[in-house]
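Asks: Residues per chain, in single letters:
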Amino acid sequence: METLRPDNETQVVEATQWALSSQSSLEICGTASKRGLGRPMETAARLDLSRMSGIQLYEPKELVMSALAGTPLAEIEAALSEQNQHLAFEPINYSALLLGDGSATQGSIGGVFISNLTGPRRINIGSARDHILGFHAVSGRGESFKSGGRVVKNVTGFDLSKLIAGSYGTLAVMTEVTFKVIPAPEKSRTVLVLGLDNNTAMRVMSEALGSPYEVSGAAHLPERAAKESKVDYVTDANAAITAIRVEGPGPSVDFRCQALRDIFQGTGEVEELHTQNSKTLWSEIRDAALLPDKGDHQVWRLSVPPAEGAGIVRAVLDKVDGAVFFDWGGGLIWLSIKPQTDAANKIIRGTMSQGGHATLIKAADQVRSSVPVFHPQPEPLDQLSGRIKDAFDPHRILNPGRMVAGR
Amino acid sequence: MKMPEPDADILARRSEIIRKMQDIVPGEGVISEEDELRAYECDGLTAYQQLPLIVVLPENTGQVSEILKYCHETGVKIVPRGAGTSLSGGALPLADAITLGLGKFNNILEIDYENRCVVTQPGVTNKAITDAVEIRNFYYAPDPSSRIACSIGGNVAENAGGMHCLKYGLTTNNVLGVKLVLMNGETVELGGKHLESEGYDLLGLITGSEGLLGVITEVTVRILQKPATARALLIGFPSNEAGGDCVSEIIGAGIIPGGMEMMDKLAIEAMEGFVNSGYPLDVESLLIVELDGPEVEVDYLIGRVDEIAKKSGAVSIKISQSEKERQQFWAGRMAAFPSVGRITPDYYCMDGTIPRHRLPEVLKRISELSQHYGLRVANVFHAGDGNLHPLILYDANIPGELEKTEEFGSEILKLCVEVGGVLTGEHGVGVEKRDLMSEMFDEEDLKQQQRVKCAFDPGGNLNPGKVYPTLHRCAELGRVHVHDGALRFPDIPRF
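Chain order of the listed sequences is A and B.
Using our numbering, you'd call the opening residue of the first sequence number 1 and step up by one each time.
Using our numbering, you'd call the opening residue of the second sequence number 1001 and step up by one each time.
For the record, the hints were derived by calculation from the structure and aren't laboratory data.
All clues stand as given, with none of them false.
Some chain A residues well away from chain B (every beta-carbon gap over 12 Å; in silico):
# : residue
1 : A78
2 : D293
3 : G295
Selected chain A positions facing chain B (in silico; Cβ < 7 Å):
#  : residue
4  : K61
5  : G126
6  : K162
7  : S206
8  : P251
9  : P306
10 : G356
11 : P394
For each residue, glycine too, the CB sits at the ideal point set by N, CA and C.
Could you build all of it, start to finish, from the sequences and the hints given here?
Replies: So, in structure tokens, the structure goes:
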């Protein structure tokens, strides 16, 4: 397969027009770190955006940055860190899970937004999609267009930024993205409650999230998951761990930690992690590094109403041999199971009658070809999504089949 | 402002349409008498008025679905309407369209504290949601200044903002799900009580789509625990530059205030004359900074902001010492519009957003334009997020003055775009800024947006004449221009 590496937007337009005129399809990638996400594709050529790289605008006092889509995430994080800022939505680093190499931050900024992957801070700061302000792209019609701007408050025209986030390159080739950046918290601490069962943990997390103490992370690790951590406190506890994070100015963090400890008094033994350990634990939670059985196990990611997390996990683990941990106060379930040809698709999705979705994050290519990777949608919604695809890419030349078979 | 020519066929079918609507919505849900239609002739942008063909007030999703399906199949236009508080004419009726009022959808359906969300019908007011959960100390964060009257459905349609957006986000960051009726009568559910949607983010697309894509009949919003305390600083500056610098320095120091509002001299005078808030009258610009959170955090940040303000050249600083005093600081700003209304027969409220650091320059140029047009301007500014509300003072009874005001307003919005900002921060495009869209977008950008519209409403029957200046037929928009010859591209690096 041939790889095209455009240097600029004009060449991206040319590449899409070539694909249109020769009835070929294109696989779009930045650094290809998330190629294993979504359905496997067969395309005529690969459009590699890694040469379209570089920060175009960074104004720390305006809380805004623009970068070409192929800019490495590591470069962006380094620039932000110099100004004590960060991407508040904590983009997931899938390299450990998908590539077996978690040593470095991988991926491009385009890939981060196009897959809308968001870490633990989702519960109070939103997703990647909440941070895009605008973008430039080339549609599957071979035309360049833009949407949004560089300011936070903007209701001028349809918010196509939301649509492009999470579209996995099936609507348009994003060439440049402008996004919100946020001051990094002065201090971060995590309160741990030891030995809770899943049900009690859901209640404790709900209480923490319903308190005025601005919790920025709420996860529950059953003992098997806690054992996977590199943080001694967590591993050595030999118990399930419920982790509640608070961040902000120093005096405030101290106060809120104490207030949360007071709430948890009598629920279980309480510990506290300080900055470095707290950071390590939350990056493990973010990157799903706490799932046991790494090898060839299949991995699912379930987004559900938070209060239903424990019930859904009970129903799944009744029927499937697997391991889990919870993030987002119970609203996000990471599940690894023994490999099966249907990835237990019907059983897992059958437990989610109250809404939500399950995504098959990791499985062999042939499994991801036959089992819907993304949650199947009811017919009217599926048809509407098809019409949206046609509005951008009527000849289905961009990442065809990555999200839904046949389009 | 030119609206699409009314369709004579539809006008001729009026009695038939009334009968059909009465079949779908029994009782008093169909309004066709002129004196009753008057109540619907405009929204919050009162400069434009038009009687609708008829008004229909359905009571449930099934009826909305039947109405839309009928209109889709027989080519009747629909203008959805919430509480009618839009400042951009988003709910302006059309002579040949049904105005679909959602006022009877006025119940909160479920309060779910465990999942920290509220499921509500769209006609419920923004403030009523907070009122319903206040007993457990929760609230709904976005707070447009019309929150007593505006409906949550309208908030979703317009992606409403408010004073606390910088820290707590706009409507789009606080909506978890909607039930949406499509123009063909189909009903889809987008999102829900879970935090993240999968597939194309149609929930994000619907939010702020100004009633062009579907009709919302149910909304799920997230609710937050109220901050434990809030305190405010009232800071006066000798110039707009100094005030603007202070805002940048606060954010540069990593502080995100719960609210940060700035106003210029004329606005200060108007507000202080109307509400006795204790605003200093000898300053050129005034900043209200509110910090919220645990008491220890608020006290700490108040100290830091106080220091920054002094370094930025503040000439007066007051720090609220009680909840009563904090509310007093806000009272003037909250009454910005009526205060200005007291010193002028009419005013026209603009709504651009600019990169924050361009504020002094933009204010200077607005003041030059003000001299040029001979019209006074009072400026209030959501300083944290760059959203500027110039209020142009005029008198509609003087012939030609409204037109002059509109021209002045257009010049201000063009200026916002020129400095890297946008036409509208929170009021919407509607009919008001429709013809300015090409200042910000080129033809391809606008066509791509309209193709999205075609995916929802191929007949163009839902809220036509709003947001987009040129209406293209969907068939024409759908064509792909394929270049001849399967040329391989020698100048693209290949590997």
